[in-house]
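First residue of the sequence shown: 1, per the UniProt record's numbering; consecutive thereafter.
Just so you know, the hints here were simulated from the structure itself, not pulled from any lab data.
Built from N, CA and C at the ideal position, the CB exists for glycine as well.
Please note that a few of the clues may not be correct.
To be verified - Here are the computed lysine to aspartate or glutamate pairs in the EDC-like style, where the Cα-Cα straight-line distance is at most 20 angstroms:
| id | residue 1 | residue 2 |
| --- | --- | --- |
| 1 | 65 | 80 |
| 2 | 108 | 63 |
| 3 | 75 | 127 |
| 4 | 129 | 171 |
| 5 | 75 | 96 |
| 6 | 488 | 549 |
| 7 | 5 | 41 |
| 8 | 72 | 162 |
| 9 | 124 | 59 |
To be verified - Cβ pair distances, simulated, as ranges:
| id | residue 1 | residue 2 | range |
| --- | --- | --- | --- |
| 10 | 633 | 547 | 25 to 33 angstroms |
| 11 | 515 | 272 | 47 to 55 angstroms |
| 12 | 272 | 340 | 18 to 26 angstroms |
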Amino acid sequence: MTGLKVLNLETNLFTSTIPKWLYSFSNLESLILSGNHLQGEILSSIGNLTSIVTLRLNDNQFEGKIPKSLVKLCKLVDLDLSMNNFTVGKASEIIESLSSVCPSDRIKSLSLRYCNLSGHLTEKIRDFKNLSYLDLSGNSISGPIPVSLGNLSFLVYLDISDNQFNGTLPETIGQLKMLTNLDISYNSLEGVVSEVHFTYLTRLEEFSAKGNSMTLNTSRSWLPPFQLQQLYLDSWHLGPELPNWLQGQALLWTLSLPNTGVSGIVPTWFWNLSSQLVYLNISHNQLCGEVQDMVVGPSLVIDLGSNQFNGSLPLISSTVHMLDLSNSSFSGSVSRFFCDKMHEPKQLFLLHLGKNLLTGKIPECWMNWQNLAVVNFEGNHLIGNIPRSMGYLVNLKSLQLRNNHLSGELPSSLQNCTKLSVVDLGGNKFVGSLPMWIGSLSDLLVLNFRSNKLQGSIPSELCNLINLQILDLADNNLSGTIPRCFHKFSAMTTLSKSNSPNILLYDIYSYGRYIVEAILVTKGREVEYREILGLVTSIDLSNNIISGDIPEELTSLLRLQTLNLSENLLTGRIPSNIGNMTRVESLDISMNQLDGEIPQSMTSLTFLSHLNLSHNNLTGRIPESTQLQSLNESSFIGNKLCGPPLEEKCGAKRARPAAVEQDRGYNMVEDKWFYLSLGLGFMFGFWSFLGFLLANMPWSIVFVRFLNRIVQKIYGVIC
């Protein structure tokens with residue numbers, strides 16, 4: 001096929017190198033191999049394709065250097081080498097090589113995104129006078145943006161995002177009359193952007209500049225020469241008010257202005273503008289006042305979170321996919337929001353109303369919200385039970401209701417939500433036992449019932465949750481023993497490198513994404529995890545009335561980082577193989593009734609930075625290791641231990657105090673009756689009190705917890 005002029009094999013599954021015979025097709029004008037798994041190096045023989053006009057090798061796995069023989073392709077107009085694994089190269093060398101032999105103005109489209117390029121982009125770029133498409137995004141190109149970019153009068157598309165460009169945006173950008181798309185996001189640009197930068201950009205449709213420290217300085221009466229469709233100015237300095245010129249952008253459908261320093265009451269014209277938007281993000285500002293209902297328009301994503309909005313929740317269009325009104329001051333009941341237009345199915349996937357001032361009960365109006373994947377009401381003042389109609393949410397992945405005033409038992413209808421990955425109901429007043437059906441939620445990663453009023457034993461069905469990474473049942477009234485089957489928690493057992501650093505449950509067209517947050521108690525303090533939550537593993541059963549021994553099977557949880565069993569009634573010895581848990585960073589088994597010696601294997605816990613064994617019945621020498629001896633002595637007090645870091649030395653005999661002779665007479669008859677009556681009185685009183693407790697189990701539980709509190713307070717005074 002040596003006479004072949006066009007070869008297009010894009011978007012297949014080829015895994016080989018480019019066959020050598022292909023380099024001999026001197027008549028080939030268009031070679032498109034993009035979107036495969038081609039590998040190996042691109043040979044210098046590619047310079048033999050002297051008739052090539054279009055060369056697209058992007059989105060493969062090519063390695064080595066970008067071949068210098070590309071300089072021989074004098075008819076080349078369209079070059080795309082993006083998204084490969086090339087070794088580090090200089091951006092300036094590539095640009096200069098393409099113009100060293102053949103005229104540089106032949107190239108109209110150049111895409112080198114994610115090609116591992118570094119160095120500076122030189123003023124040599126001005127020689128590519130006919131360039132209409134330039135994409136250098138996703139590299140490590142540094143230095144200032146060349147002023148000569150403004151000479152590329154035919155440039156339609158310019159993307160230099162996700163690099164290390166610094167300095168200011170040159171005013172010559174405003175001379176690019178043909179430009180429709182400009183993306184300078186995620187660089188280190190700073191300084192002021194004025195009206196001059198947009199002087200001749202009459203065709204500009206998309207301007208993305210997020211992730212830079214830039215200031216927009218325009219007059220209040222400025223009328224831009226363009227009609228934008230998409231605008232991203234995340235983290236710019238726009239304040240103190242929303243730009244007035246936005247109300248004239250009749251074609252705008254994407255607006256992203258988070259963390260831009262705007263404040264005050266949102267003007268009416270802005271809410272009118274929002275009716276035409278598909279994507280709206282004005283989060284992390286200081287905007288206040290009430291939010292108007294947004295029941296019309298094509299909106300998919302609305303993010304107003306982390307502001308100072310107040311009043312009742314606004315009604316939204318049934319087309320909205322993501323709604324974030326979190327971390328503001330919305331108040332009142334949620335019934336109107338959920339129960340409006342009950343006959344109309346809702347498209348909402350994500351609902352985040354956390355950290356507001358919402359009150360009242362969660363209504364029984366969930367039948368038409370069946371697309372919901374994320375529900376977050378944390379940190380409000382909601383009361384009552386979880387409604388049974390939540391069982392209709394068959395697509396639910398995350399249910400976060402922590403830190404409210406919810407009560408009652410969990411409705412059995414929640415077992416219909418089989419896709420649940422996160423259940424966080426901590427800090428409420430739920431009662432009853434831990435439901436056995438939770439063990440059927442096989443996708444569960446996080447289970448948190450901390451600080452409730454749950455009773456009964458921990459059901460063995462929980463052991464079916466092989467993907468569970470975080471189990472927090474602390475501060476309840478749970479009794480019984482620790483299930484020995486906890487070793488089935490595979491996610492806490494297997495040392496895998498494939499775990500994602502975060503738990504991403506929602507991503508819509510790269511516009512809206514939801515990364516789960518969780519508050520865990522580790523190393524004696526509360527820590528909020530978000531970006532690395534997917535790497536965290538933890539079991540916390542503290543402050544219950546769990547009895548029995550610590551199962552030896554727990555020591556097979558090789559990936560566990562935090563284990564807290566403190567303030568229970570555990571007995572027996574510390575498992576001898578506890579040293580197998582080599583990833584443990586925080587271990588707290590204080591305030592129990594454990595006895596015996598500290599296992600020697602504990603010296604293998606090299607990641608350990610927080611240990612609390614205090615107030616047990618442990619005896620003997622503290623094993624010697626760098627980790628254990630570096631800890632504070634408060635980790636070991638309240639036992640009969642010796643050796644560093646305690647001052648008590650092992651093997652030293654304590655001096656016995658000398659007997660004090662009292663010079664008094666001894667009346668055998670009087671003292672005999674005194675001690676006899678004292679013994680009988682003590683026996684009668686003690687057994688009467690003990691019998692009362694045995695006959696009233698709830699009071700016996702209260703008494704045991706009271707003693708635990710007394711010991712804890714004494715410990716706090718000593719420390």
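We went through each hint and held it up to the structure:
1. 65 x 80: At roughly 15 angstroms apart (the allowed maximum being 20 angstroms), residue 80 and residue 65 satisfy the hint.
2. 108 x 63: Violated, because 25 angstroms separates the two Cα atoms, which is more than 20 angstroms.
3. 75 x 127: holds (16 angstroms)
4. 129 x 171: holds (19 angstroms)
5. 75 x 96: At roughly 17 angstroms apart (the allowed maximum being 20 angstroms), residue 96 and residue 75 satisfy the hint.
6. 488 x 549: holds (18 angstroms)
7. 5 x 41: Cα-Cα ~23 angstroms, so violated.
8. 72 x 162: Answer violated: residue 72 to residue 162 is near 30 angstroms, above 20 angstroms.
9. 124 x 59: violated (27 angstroms)
10. 633 x 547: 25 to 33 angstroms: Given a distance of about 28 angstroms, which is inside 25 to 33 angstroms, the answer is holds.
11. 515 x 272: 47 to 55 angstroms: violated (32 angstroms)
12. 272 x 340: 18 to 26 angstroms: Roughly 21 angstroms apart at Cβ, these two residues keep to the hinted range, so it holds.
Against the hints set out earlier in the document, violations occur for numbers 2, 7, 8, 9 and 11.
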